[in-house]
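Residue numbers (the working numbering), protein chains in the order written: chain A, 8 to 298; chain B, 2 to 155; chain C, -19 to 754.
Read the hints as simulated data drawn from the structure, not as lab findings.
Keep in mind that a hint or two might mislead.
In silico DSBU-like links for lysine-lysine, alpha-carbon gap of 30 Å or less [to be verified]:
1. K(-14)(C) with K149(B)
2. K450(C) with K(-14)(C)
3. K26(C) with K277(C)
4. K72(B) with K1(C)
5. K277(C) with K738(C)
6. K626(C) with K121(B)
7. K4(B) with K31(A)
8. K1(C) with K626(C)
9. K57(B) with K26(C)
10. K3(B) with K57(B)
11. K(-14)(C) with K26(C)
12. K3(B) with K31(A)
13. K1(C) with K4(B)
14. K321(C) with K66(C)
15. K369(C) with K3(B)
16. K626(C) with K283(A)
17. K277(C) with K149(B)
18. K283(A) with K738(C)
19. K72(B) with K31(A)
20. K149(B) with K54(C)
21. K26(C) with K54(C)
Per the computed footprint, the stretches of chain C lying under chain A, defined by three or more beta-carbons under 8 Å from a beta-carbon of chain A, are [unchecked claim]:
22. 53 to 67
23. 543 to 555
24. 686 to 692
C-beta: ideal position from N, C-alpha, C; glycine also.
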Amino acid sequence: MALPNIQDYYVPGTRQEAVELLGKFGENAMLVAGGTFVHGLEVRGVLGEIEALIDIGQLGLAGIRSEDGKLVVGATTNFGEIQAHADIASAPHYAAIIDALTYPPAQIINVGTIGGCIAASAPLYDLPCALSALDASLRINGGNGAREVALGEFFTGLFENVLASNELITEVVLPAAPANTASAFLKLETNANDLAIVNLAVRLTVDSAGNCADTRVYVGGGIGESYARAVSAEAVLNGAPAEAASFDAASEAVVNDIEPVDDHRASAAYRAHIVKVYTRRCLATALERLG
Amino acid sequence: MKKLIELTVNGEHHEVAVTPEASLLNVLRGDLGLVGPKKGCDAGSCGCCSVHVDGKVVYSCMTYAVGAQGKEITTVEGIGHADDLHPLQQAFIDAGAVQCGYCTSGILMAAKQLLDTTPKPDEETIRHAIAGNLCRCTGYAKIVDAIKLAADRL
Amino acid sequence: MSVIGKSVARPDALDKVTGGKAYPVNFQLPGMLHGKLLRSPYPHAKILSIDTSAAEQLPGVKAVLTHHDVPQRKFTSVYFVPTDTKSLPQDLLIMSDHVRFAGQPVAAVAATSAEIAEQALELIEVDYEDLPAVFDPEEAMQAGAPQLHDGAENNIAVAPVMEFGDIEAGFAGADHIFEGTYTTQRAHTCYLEPRVCVAEYNGNDGYTINSSMQHLFGLREKLAFALEIPESNVRVIKPPYIGGGFGGKLDMSYIEPVAALLSRKSGRPVRMEHTRYEDFITTTRNPIKVYLKTGVKKDGTFTARYASSILDAGAHATHGAEVINVHGFAWLSSYHCENMKWEGKSVYTNNMIGGGYRGYGAPQACFAFESQNDEICETLGLDPIEFRKKNARQLGSAHPLVPGLTIDSYAMEEVLDRGAEAIGLAQRHPPGANGDGTTKRGIGMALFPFWVSGCVGFPDIYEHSGAIVKLNVDGTADVATASVDIGSGQITTLLQIAAEELGLPMAAMRMVDTSDTTTVPFDAPTHASRITYGSGLAIKAAAGEAKKRLLDVAGTMLEASPEDLEVVDGIVRVKGSPDTALTVADVASRAESPFIQFTDQGPAPTTLAEKGTIIGLSSMAPPSNPSPIAAGFVEVEVDTETGEVKVDRVVYSHDLGRVINPKGAEGQVEGGFQQGIGYALMEEIQFDPDSGTCLTGCFLDYKIPTAVEMPTQIESIFVESNEPTGPFGAKSMSEACVVVPAPAIANAIYNATGARLKDLPITPERVLAALGEL
Ligand SMILES: Cc1cc2nc3c(=O)[nH]c(=O)nc-3n(C[C@H](O)[C@H](O)[C@H](O)COP(=O)(O)OP(=O)(O)OC[C@H]3O[C@@H](n4cnc5c(N)ncnc54)[C@H](O)[C@@H]3O)c2cc1C
Ligand code: FES
Ligand code: FES
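Only chain A is shown next, with the shape it has when bound in the complex:
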């Protein structure tokens, strides 16, 4: 990879410095968290413009802490650290995260960051799909101060998001789970080192009457410009008994919410078919996890 316009690789020690650098280079700055997104950027054809690489590894943004029942994950926390976190690894509520992290190879687990794979804004990545289904939100910091944005509202298109050029994600917030909630995630891949042809995450809460409540179904992969929230499937589920028949009905509804693409990896029809199957399978797994 050659960056013809590159001026320097910066390693700011504070958030303030990082934001100043972002302000200086604007669109022509690229943050480096794990730095594994290069391939995606080549596809995007933006590498020629880059003037500054800004390494955010020294900003103290890594680590996971709890805050009022929420879990707050620093943006540069890597996949391995998330996998190893006892709360995340054990709670059925967070299981979709652990599911999503079974897919990347060790070399990506060790360096890929939660902030990086979100900010990359490509629905081919797995963790953001799972996080979306868990109602995660992002704390964003920049020249204009701090704000918090729901992950479901973060993406505005392929490689597009709501970040201003002088902003960065500092933390990812996982809200407290309602009682009796579990999640699950599945990815269709050709080999074990692949980006998703389709990926799908669900969160399922079963109320005291045994019905589904506040369900989330998110779909990624080649199904549109960014992750799709399957509201039709959620509507079918909410209030319906948490059982196979409801899951079947939801899986029929889910295709209303996606626009699968036809490409060299799979046809739109096949993607739609898999989304249906995975909706059913993920819901069944989540239910099983509730014991």
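Assemble chains B and C with the ligands onto chain A, guided by the hints.
Chains B and C with the ligands alone, transformed into the frame defined by chain A:
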């Protein structure tokens, strides 16, 4: 414009002038003469370039050299040498896990992280631990055997 | 035998586990420049003009080439045929003003760094006239399709036909006739070391080349021809080993001649290395569409076999003009039948060019005929093993390729029986009957009944080898050969053969790793399953000659007749009286010593006749082309809801004559199955249907199996039939294991689900469609 950086590779200290975007792989191979890590794709998808940074396996083709300053970098050359092989290196020879060998440097580093953290991995764990590394010659069977053999000997 | 049949460790493994220094990709010369190619974005175009002036001005740029600067002599890039071959079209130029595939090089730059060379490429202005392109070989044969090469009417590069007996009478005599069309895809070898070369111009029209390739002498010949210089002006350095080939480095690519010319223009050595994308668009296994029509009696005996095959050669014929023939041979020779006819066509399109790839036309053939044979057995209720035994060739029958030869070793029945027993074929369930819910299991098999150990009998293909074996005064031996180790273990097996013949332990053997085309005899390429047999025989002959000399000298020293001596484990001794013995080191030292030696008793003369290095030399063609026989058996699990197929268990049974190195042979099988499973289930080079641009130019898009997709159980059964003409009974090994997986898997999917898949790769999507679920 190049900048002078300091790298610690296999316990040795180096000063080297690199471009800001230089990959660790190109610096190791081109500037430091450490040709163990190989370039197979330059895009984070073959694993031939795998090295350790602070004890964890990474794709050096996707690691910025400048960003690797202050970290402990280990290449295959750093885990053993002809008269003092690492048990994994010996096991790869004994089990017949080496054919063309182009993947070997990288797979050894992935396997090393596994054995550093999981002394007696089962077959499935071994296969997942090397899933970020492609081999086109061996079908992986003897590589898996070699990792088991090394685990037994360690 | 003391060395043959033992899993001795590879001598090259030590270097490879400690960093692998000797790959061509590591080769450098002082002052070396870096070359890069500008490639056409259009699949079919005329170059109207090229302006390189801005690129030439860029600081650091030392030379720029376009088609104006290169010889316009057409050649074939295929290494293993003579350049003036009549069987392959000479249709390739180093650079041309006529672009025939997206990615064809149109200009080249050498600069002080690869980055500068890349920047310079962006400054080159090319004015193209975009021409209509054709990507489908059947469309390319239609009237009105763009014509890609002069003299190739309807874009047909070659159209071989073979016919035996009376095909119509054969069909008339059949009880049943089966028809089917089978398609196979474009697949890449995926060697991991990129194609790379360093070329240096030496003045006086002479060049030295270091390259990652499978044939020293082929590169010399093709390069000299394309550059219009005498062959000996090109010196090709033999790499100690390369990072994989599998047939993908069996032809000269653009980089070698371009680097040579850039070196000449700049006066400095030039290195060129492919990106992975460039590797993906450089050579490939050709897609072939095969139509089969087969007549059988009720009992399964063939009465007529007809096949027609259409091969997509791509922009230039190269291997595609030969793959079609070998493909025809693989089909024709597989089973015996009195009445057979095959019609092949190799067709130009605006796709990337083809190439060699392990199996060379046979995977496409075997997928078709073994899929159909399974269908015949299932339809007629025949036992798949008995059916194959009935129709296969037999020991002692005529060799189907080489007139006058017979099949001297052929353990087909044992191969089938042992494999079937190990997988439990007789106990398998009827189609669709194993498993419940969405998981179905099945067992399938495929036989590859006839193949080659080299190329004796194929027109226009080189098949001779040579070697030099030299003993050292310390009792060790150096072996030199032009045969390149591409990873499959040639160094080891050839040294084992030499060690066995010489009577030396393996530890005493060393492969010379610094030879080149000026110092070693010709050897045909590392391809066509030929090394163990062809090069092995040459090594054995050279070792035999050295041994003869060794025994002559030892005879003088021991005052015995050389015929009465034997060499065992480095000791020369009189047969029957092992105490009358010398070490090989003693004998070699004596042969190398001064004529008169000073001893404790004063100066003592030895004989002049015994003086000189003990050395043996050979250059020879092998006497035959014995056939290996292989059968693959697989067990699969099919998810009938997603269409995903997982291969759980493999049994592979192979008659290889004699196992030289069991672990090495197993490694070939395991690796072969990785390529075969990838070919069966996931691998495919794809292009954008409009622009012709490759969509699968990296490992994120071109998927090959990782350790996770590979079955955990791969059992190799080696049947030793002892080929009488082979070195210690060996014939060949390493291609059949790539050929059988696809049909065995397809047949196992049939057994699991009742769905017959006739198109490769068998993607989950195709499985679902076949099940009627999509
Ligand atoms: C071989 C391979 C296999 C992979 N397998 C998987 C897989 O199985 N599943 C999966 O989900 N993903 C996978 N990935 C993709 C991986 O998740 C992405 O590359 C992801 O971008 C990783 O994060 P990073 O920290 O490396 O990002 P970086 O490359 O550092 O950054 C990505 C982008 O986000 C921006 N950015 C980074 N951090 C921030 C921040 N805090 N605020 C604002 N912007 C920021 C950067 O400027 C850049 O544009 C794989 C990648 C590779 C190369
Ligand atoms: S070269 Fe780094 S992963 Fe392939
Ligand atoms: S040994 Fe050749 S790629 Fe692994």
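Practice item. List in ascending order the numbers of the hints, as given earlier, that are violated by the structure. Key: Hint check: 3, 8, 9, 11, 15, 17, 20, 22 and 23 fail, others pass.
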